[in-house]
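Q: Please work from the sequences and hints to get the whole structure.
Here the protein sequences come in this chain order: A and B.
Going by the numbering used here, the first sequence wraps up at 444, each residue one higher than the last.
Going by the numbering used here, the second sequence wraps up at 213, each residue one higher than the last.
Among the hints, erroneous ones may be present.
What the hints assert, rightly or not - In silico lysine-lysine, DSS-like type, Cα no more than 25 Å apart, as pairs: (1) Lys255/A to Lys210/B; (2) Lys146/A to Lys360/A; (3) Lys115/A to Lys79/A; (4) Lys167/B to Lys104/B; (5) Lys427/A to Lys382/A; (6) Lys101/A to Lys79/A; (7) Lys167/B to Lys103/B; (8) Lys262/A to Lys18/B; (9) Lys262/A to Lys210/B; (10) Lys382/A to Lys79/A; (11) Lys360/A to Lys382/A; (12) Lys255/A to Lys213/B; (13) Lys356/A to Lys132/A; (14) Lys18/B to Lys39/B; (15) Lys213/B to Lys18/B; (16) Lys255/A to Lys95/B; (17) Lys356/A to Lys235/A; (18) Lys314/A to Lys194/B.
Unchecked claim - Here are some chain A residues pointing at chain B (derived, C-beta under 7 Å): (19) Lys244; (20) His247; (21) Thr278; (22) Phe336; (23) Asn338.
Hints in this document: simulated from the structure, not taken from any laboratory.
Glycine residues also receive a C-beta, built at the ideal position from the N, C-alpha and C atoms.
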Amino acid sequence: MSIEESVLKNDERILFRLRALYRAHGYTQYKMSKFEEYDLYARNKDFLVSDNVITFTDTNGKLMALKPDVTLSIIKNSKDGAGVRKVYYSENVYRVSGTSRAYREIMQTGLECVGEIDDYAITEVLMLAASSLARISPDYVLDISHLDIVSAVIDDLNVDGEARKALLAAVGEKNLHEIAELAQKAGAPAEKTEVLRRLVMLQGAPSTVIPTLQKLLQGKRALDAVNRLSRIVTALCKSGCGEKLRIDFSVINDMSYYNGIVFKGFVNGVPTGVLSGGQYDRLMRKMGKKSDAIGFAVYLDQLERLYEDGAKFDVDAVLLYDKDTDLDTLMQTVEGLTATGESVTAQRAIPEKMRYKRLLRLTESGVKVLEENA
Amino acid sequence: MLNVALPKGRLGEKVYAMFEAAGFECPSIKENNRKLIFENEEAGVRYFWVKPSDVAIYVERGAADIGVAGKDILLEYEPDVYELFDLDIGKCRMAVAAKKDFRDDPQKTLRVATKFSNIARNYYASLGRDIDIIHLNGSIEIAPILGLSDVIVDIVETGTTLKENDLAVQETIVPISARLIANKTSYKFKSEPIEAILRSLSNMAKEQK
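A: Structure representation (structure tokens):
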């Protein structure tokens, strides 16, 4: 069966393209039920984008939740073993959306790799993230960061937990003045604070950022991370998505779950990020798994406004008939018109507020054009 | 075209003056009329006046690429934006105020009247204090006088209003000033003009020091 892409809404069209992409790289679809025991989310509240969950009591008295997230369910059901388990999903999730502060149904698609995550696995996931963005719009940017670098630099400041949390938030906002203020208040050494400030200011193409990083940073942990980042982005650049990659340390995912490489994708025209992901070995440990993992999610609800498809008309043609019109002729005329690819609605009177390209009337002598709108 | 949301009022005019000095002028903005949007195609910039508390919303949702908002608004609404620069103007502080002779009785739930519920809640949560928030939209100062609340959490600039109503600052929560904020996507795709503004502003700040 061939499906004409034009009948699909933008988010559906993108969804199909993404599915084809993930399938081609050997990812299998993960289908799950709409509900999950609430307990799973209660234990990992901070991992969720928003901690509000719609709950209800099931017939057996168990407290259930409408899925606010897919990753946790996938991890829960994953088994440690040889090889890397690669799955993709496209599911509706239910959560409070950032700007409206009300529950919304959000179409989300994404993929997860669970197992022994090596350089190849990370590079592949990043390549798929970039390709996903490219299928949404050619005008995209993929920001990549390495949490070990940020965390090594902040550890050097030697500040307490509260200040560390506030500093991380400021890094996420590119808030240089607040970083300076917080570090000073916490009594961090000025030259170390300057390293953090420069790290936050450092952004752009990997080819310019990586050499600067190698000069800026000290210590094995940070430099190991830079080397890994360098190996991976070099491979990515060779695979052809280099132009759109940017190193940006303001990509901060929750460090109690994420570690290593994290990334966020932006598309010109959508005000918030449309793709988000990273390595989340810490979450795996919390859930008692030995395997490592990496994955990302694409938020399709944001894409509705991306394309001005200029649908100025509800229908191509309104075909008017009256009570004396012969039923067979009417049926045949409608068939004939739809066969040309036009959308047609047969009506006795023009429906209120309907916008149409052509207004037709079926008379005994045939179809008459009454009105044409450009 | 770079869209800039400015807060209506005195602060906004000051901010515009800084942007103008930074090379992003738009002469039509000074004409005295009721227009809300002003454009200078040559400089590639479009300004619009919005209610100060709405600037963050315009920027977060991408209707404006950058904007200037008070730290109070950013703390209250916690928008997902980049906070790029402290303009060091519109300075005041977020403070707890009460009647001069107020004694805080820790045995009772503290009744707090405020426009800034989120800030008040976070502040008292950090102290571990149980409070009852009374959200008001204006004339916060009369709440303790009429016995509606024990204390208020509000912006204090000079303290004159407080003094005239026999109130006094008990505690400063956080200093406030105007901040340059940017939409996260715009920052990626319009980085050149945004960074040019940022550079000019920080150079101007350095010169003043």
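Q: Decide, hint by hint, whether the structure agrees.
A: Structure-based check of each hint:
1. About 22 Å separates the Cα atoms of Lys255/A and Lys210/B, which keeps this hinted pair within 25 Å; it holds.
2. A hinted pair counts as satisfied when its Cα atoms are at most 25 Å apart, and Lys146/A with Lys360/A qualifies at roughly 12 Å.
3. Between Lys115/A and Lys79/A, the direct Cα distance comes to roughly 33 Å. Violation of the 25 Å bound is thereby established for this hinted pair.
4. Restraint check for Lys167/B and Lys104/B: the C-alpha separation of about 9 Å stays at or below 25 Å, so the hint holds.
5. Only pairs whose Cα atoms come within 25 Å are accepted, and Lys427/A paired with Lys382/A is accepted, the gap being roughly 9 Å.
6. The hinted pair formed by Lys101/A and Lys79/A meets the criterion: a straight-line CA distance of about 22 Å does not exceed 25 Å.
7. This hinted pair checks out: Lys167/B and Lys103/B have alpha carbons roughly 10 Å apart, not beyond 25 Å.
8. Taking the CA atoms of Lys262/A and Lys18/B, the gap is about 35 Å. The hint is violated against a cut of 25 Å.
9. Proposed proximity of Lys262/A and Lys210/B is supported: the alpha carbons are some 22 Å apart, at most 25 Å.
10. Annotation: proposed proximity of Lys382/A to Lys79/A holds, straight-line Cα distance about 15 Å (limit 25 Å).
11. Note on Lys360/A and Lys382/A: the hinted pairing is violated, with a Cα-Cα distance of about 55 Å set against a maximum of 25 Å.
12. Using a Cα cut-off of 25 Å, the hinted pair Lys255/A and Lys213/B holds, with the two alpha carbons roughly 21 Å apart.
13. Among the hinted pairs, Lys356/A with Lys132/A is consistent with the structure: their alpha-carbon atoms are about 23 Å apart, no more than 25 Å.
14. Taking the CA atoms of Lys18/B and Lys39/B, the gap is about 18 Å. The hint holds against a cut of 25 Å.
15. Proposed proximity of Lys213/B and Lys18/B is supported: the alpha carbons are some 18 Å apart, at most 25 Å.
16. As the CA atoms of Lys255/A and Lys95/B are separated by approximately 20 Å, the hinted pair is consistent with the 25 Å bound.
17. Simply put, Lys356/A and Lys235/A have alpha-carbon atoms about 20 Å apart, close enough for the 25 Å limit, and the pair holds.
18. Taken as a hint, the Lys314/A and Lys194/B pair is honoured in the structure, with Cα atoms around 14 Å apart against an allowance of 25 Å.
19. With a least beta-carbon distance of about 5 Å to chain B, the hint placing Lys244/A at the interface is held under the 7 Å criterion.
20. A least Cβ separation of about 4 Å between His247/A and chain B falls short of the 7 Å threshold, and the interface hint therefore holds.
21. Hint status for Thr278/A: violated, given a least beta-carbon distance of 14 Å to chain B, over 7 Å.
22. Hint status for Phe336/A: holds, given a least beta-carbon distance of 5 Å to chain B, under 7 Å.
23. For Asn338/A, the interface hint holds, the least distance from its beta-carbon to any beta-carbon of chain B being 5 Å, beneath 7 Å.
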